[in-house]
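Novice: Chain by chain, the residues:
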Amino acid sequence: MNEDQDLQNWVPELSEELSLAHVIDLAVDYRGDVTVIKHDGSVAVGYMFNRNANGATPSISLMTPGGVEQPLSIPYADIVNIKFTGRDTAAGKSYAAYQDRKQKEQAPNAGSDQ
Amino acid sequence: MSVPASQAWAVTRYVLKQKLLRRKQYPLVLMLEPLLRCNLACAGCGKIQYPAHILKHNLSVEKCLAATEECGAPVVSIPGGEPLMYPHIAELVEELVKRKKYIYLCTNAILLKEKLDSGYFTPSKYLTFSVHMDGLREEHDESVCQSGVYDQAVEGIREAVRLGYRVTTNTTVFDSVEPLRVREFFDAMMDLNVEGMMISPGYSYEKAPEQQHFLGREKTIRLFSQILSNKKKGWKFNHSPLFMQFLMGKRDFECTPWGNPLYNLFGWQRPCYLMQEGYAASFKELMEETPWEEYGHASGNPKCQDCMVHSGYEPTAVNATFDSLSGFKDTVIATISGKL
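Chains as they are written, first to last, in my numbering: chain F, 1 to 114; chain E, 1 to 340.
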């Protein structure tokens, strides 16, 4: 199991040990949608593809399902927390699934004697 | 030489112009990803793991052309995703041909015959189909996690060659390969009358499902030495011979991460085609604000230590050809003699 699989459905509890900046770093590396909770009570759901941690106003970039052409830019200062709500599409098992399928193809009658 | 003289000359002219302008960092090949969805889910690929709303998105032709202009590279490679699934691929290719860009359309060729039969494209010296082939039938179908794809790709290659298109193959080498089988594969591809072959060691994408079979540097060198030693005269490669010597451990190169910049729906990917450490809004921002010193083998960056992939090292090899008389001489000798 990799780190990303652990992140799916994770709701971080921010603390001195777990900063928002670190959660943002994890979110930008996460291959699923996230839910950004803001100080004004609103939320934004989408794929976080970028963050600018070192600019004058650190911010994240979010592609929402309805707004791929115009990504949202949200300042770090506006964010309360980030939930890892979308399915992690990189929690891939395609190679394992392929190997399983291949094994079944190669032994089509396996188990038929039982 | 496996590329037409006009292409070699266009690239040479472009590189010499950069040298005259004293530009130290310039792109050679734009990697243009108009979409991220694919009709395969290959084990070694880390490019397609995204939420559905991202995978459904297509870059507009206008954005693709604007990126091409902004970058200015003489060669445009169109990977993806699977570019033949991009609904505007015919228009994009036509526009790039008008701009005299040398296009490598990187495809798994599942849809190639269908598109060719539908009259999507017109043969041109500017257009090459670069078909993903990771080995002979057994190895390729294993690599793409689907049976029958090798045969479909061969059918597509045959049709494209028959119709007069330029066709190359693009092969990723993993540590499980048998050198003799790779050599047999080269024979098979040349028998299909492809113009040239591209080979590269695989890169361990963090998001790829399969992580066990990527190559470390020493193993890469050992393997490529076995594969390419006593290279047959009939084998044609779409690479600088200096890059191939690098793969065989005969040369030591440093990475040129800005050589093949990538543009997709997120913007200009930092720092390179393989690593995803954020995006720049413009090509200028990518070039000027990326901390390049943090990447490449010499930087000590652990993500770069095993990488010998062509997207980072082929531009170095091309630069080496023009940087010194000995580099130029070595390239000419290797090209004429066919020896590596």
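Please note: incorrect hints may appear among the correct ones.
Derived coverage of chain F by chain E (criterion: at least 3 residues anywhere in the stretch with Cβ under 8 Å from a Cβ of chain E; other residues may be distant) [claimed, not checked]:
| id | region |
| --- | --- |
| 1 | 21-32 |
| 2 | 81-90 |
Estimated spans, in silico, between C-beta atoms of each pair [unchecked claim]:
| id | chain 1 | residue 1 | chain 2 | residue 2 | range |
| --- | --- | --- | --- | --- | --- |
| 3 | E | G300 | F | V45 | 52 to 62 Å |
| 4 | E | L20 | F | T85 | 51 to 61 Å |
| 5 | F | A21 | E | I336 | 50 to 60 Å |
| 6 | E | R217 | F | A21 | 26 to 36 Å |
| 7 | F | S19 | E | G234 | 57 to 67 Å |
| 8 | F | S15 | E | R22 | 45 to 55 Å |
These are calculated hints, taken from the structure and not from any lab test.
Quick caveat: nothing in here was measured; it's all calculated off a predicted structure.
Using N, Cα and C, we set each Cβ at its ideal position, and we do this for glycine too.
Novice: Take the hints in turn and mark each one as holding or not.
Specialist: Checked hints:
no.	hint	verdict
1	21-32	holds (count 4)
2	81-90	holds (count 4)
3	E:G300 with F:V45: 52 to 62 Å	violated, 38 Å
4	E:L20 with F:T85: 51 to 61 Å	holds, 54 Å
5	F:A21 with E:I336: 50 to 60 Å	holds, 56 Å
6	E:R217 with F:A21: 26 to 36 Å	holds, 33 Å
7	F:S19 with E:G234: 57 to 67 Å	holds, 60 Å
8	F:S15 with E:R22: 45 to 55 Å	holds, 52 Å
Hint 3 alone, counting from the list given before, is not met by this structure.
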